[in-house]
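> Letter by letter, the chains look like this.
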Amino acid sequence: MGKRSDVSVPDLEAAGNGLLDRRIFLKQGALLSAGGLVAAAGGAARAADPPGAPGPGAGMSDYGGPAPYESKVKRTLIRSQAGTTGSGASRTPLEMLEGTLTPSGLHFERHHSGVPDIDPATHRVLIHGMVKRPLTFTVDALSRYPMVSRVHFLECSGNSASMYGAAPPAFTCGQIHGLVSGSEWTGVPLRMLLEEAGIDPRAPWLLAEGADAAAMSRSIPVAKAMDDALLALYQNGERLRPENGYPVRLFLPGYEGNMSVKWLRRIKVTATPTMTKDETSRYTDLQADGKALMFTYPMDVKSAITRPSPGLRMPGAGLYEVSGLAWSGAGTVSRVEISADGGRTWADAALSAPVLPRALTRFRAAWKWNGAPAVLKSRATDSTGATQPERDKLIALHGSNVIFHYNAIQAWSVSADGEVKNVYA
Amino acid sequence: MCTRRLVAVLMAAALAGCAAARSVEGPNLGQPATPAEIAAWDISIPPDGAGLPPGSGTAALGAVVYAEKCQACHGDKGAGQPNDRLVGGHGTLTSASPVRTIGSYWPYATTVFDYVRRSMPYPTPRTLSDADVYAVTAYLLHLNGIIAETDVMNAETLPRVKMPNRDNFTLAYPAASR
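These protein sequences, in sequence, are chains A and B. Each residue of the first sequence is one higher than the one before, counting from 1 in the numbering used here. Each residue of the second sequence is one higher than the one before, counting from 426 in the numbering used here.
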């Protein structure tokens with residue numbers, strides 16, 4: 001967190017309790033560099049060597065890793081079903097990262113029966129059902145097709161489920177919201193393969209099935225498959241990581257994560273949805289009246305402030321940058337507002353370019369914290385006009401048994417001693 | 426250019442664009458799949474039961490299979506612990522602690538067969554015979570009070586089982602409601 005010295009900027013106040021126009025950073029930056037120049041010119045004798053290596057450092061490496069000092073930046077809240085190690089989830093430590101691309105090794109995981117070990121030399125994808133020509137594709141064959149690269153978020157539909165609970169969980173931002181990650185995905189448009197197989201133009205559905213031990217499967221609308229679905233082979237420039245579906249996964253931009261079936265082995269074009277376990281008994285959204293919503297595909301507009309957030313103590317009053325992530329499965333983030341007074345007044349945050357559809361979008365705002373207790377919130381709006389609801393509104397609408405598709409406004413409280421907590425406010 | 430000619434040119438351009446988008450030339454590297462290959466891979470069972478294999482089972486046999494293969498994770502008579510509860514929970518879906526089981530929640534009996542066959546037992550999936558899967562399915566449906574102990578589950582009878590919670594799902598994706 002970038003704490004800076006006290007600055008008096010009444011003319012740049014953007015909302016209550018110290019939220020400033022973000023241009024404050026630009027103006028102050030210019031002042032600081034001028035001051036720095038003066039100090040440098042005033043320096044005379046060399047007091048000590050500048051920091052630097054005393055001699056040659058480590059050699060080259062064939063696959064680099066993070067700095068050893070960053071060893072605490074790890075996936076978090078790793079939980080698996082009783083008696084299993086691979087039937088659960090791990091989460092991205094959102095509060096320890098910046099920008100919008102999640103390092104592949106920190107991308108969240110959600111597996112239904114562990115990560116399979118698949119030899120790409122023998123793996124194949126079968127396309128059959130309502131097609132003229134049932135076909136199989138080897139990974140080598142898929143690698144020869146023309147590809148597209150797209151930056152998108154992937155979010156588990158159960159992300160933030162703990163926020164449906166009666167009391168706010170004492171978790172970090174990543175432990176609450178870290179079942180979302182952002183990557184560049186590269187692969188073959190599914191449409192090209194379906195057309196090669198001669199898909200029946202009247203077919204409305206397909207079934208996608210993985211080669212994991214659960215043979216995880218979901219029904220996918222053909223309309224989505226023909227629109228922007230990919231068979232992804234690469235993530236962030238390298239082949240998929242095993243835990244993200246190596247050697248080939250389905251990728252459905254904006255849709256709930258489990259539909260982007262990993263370790264894809266089969267696509268069956270069908271007249272009806274197959275009604276698999278995961279689209280009937282699992283990823284359906286139980287409402288307060290006992291009815292359940294089925295096929296709730298796009299992930300709704302959502303945001304969270306990653307800095308400051310729980311676990312990141314604010315070291316004292318002063319000027320801070322508030323930084324966070326916003327995303328929407330329905331389109332592009334068009335606006336993020338920030339409040340430092342619990343939602344009484346709001347100021348627009350700056351959106352960091354590029355702002356891409358169905359992708360994590362970084363937002364930033366300037367906050368001059370006066371050292372008194374405060375409640376920070378962020379509220380995102382997307383290109384369809386949808387805005388995040390307050391938590392009580394979301395629960396009044398859907399109840400608290402839903403488990404999935406939680407997208408309410410997140411509130412963090414800041415205490416006078418700089419501790420940040422998850423609160424319902 | 427007169428307006429009519431302009432419209433005609435624009436329409437032709439649009440049609441050409443559509444045609445180009447619809448028939449993208451790919452490298453055509455898919456290999457024909459044989460009927461035998463497809464039959465071996467095609468394990469998914471939709472609600473109409475298409476693809477259900479020959480064989481049959483009853484709750485009595487299913488109880489034996491369950492005790493040996495399922496009970497360690499799912500408890501005595503599907504009561505749950507250490508893993509998912511499979512039985513009961515009727516009338517709890519509107520409570521503060523809904524219990525979502527096969528009996529209280531699952532909308533299709535075919536899904537039980539499909540899921541048990543593809544994914545269970547968790548440590549050794551796809552090791553049960555089709556007859557054993559029918560039997561375990563029958564046992565779980567019987568424990569939930571949906572079929573009688575002597576009812577035979579097979580490709581004919583299973584799709585006809587009406588699940589208690591079948592009508593309590595609302596489709597959010599519009600194409601599905603057609």
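Keep in mind that the hints were calculated from the coordinates and are not lab data. Accuracy of the hints is not assured; some may be wrong.
[As the list claims (entries may be wrong)] Covered by chain B, according to a simulated footprint, are these stretches of chain A (three or more residues, beta-carbon under 8 Å):
(1) 80 to 89
(2) 143 to 153
(3) 305 to 312
Since this is a predicted model, take the numbers as computed values, not measurements. Even for Gly, the Cβ is constructed at its ideal location relative to N, Cα and C.
> If you count the residues of the stretch 80 to 89 of chain A with a beta-carbon closer than 8 Å to a beta-carbon of chain B, do you get 3 or more?
holds (count 5)
> Can you tell me if the stretch 305 to 312 of chain A counts as covered by chain B, using C-beta to C-beta distances under 8 Å and a minimum of three residues?
violated (count 0)
> At a Cβ distance under 8 Å, does chain B reach at least three residues of the stretch 143 to 153 of chain A?
Holds, because 3 residues of the stretch 143 to 153 of chain A bring their Cβ atoms closer than 8 Å to Cβ atoms of chain B.
In terms of the numbered hints stated before, the structure departs from hint 3 and from no other.
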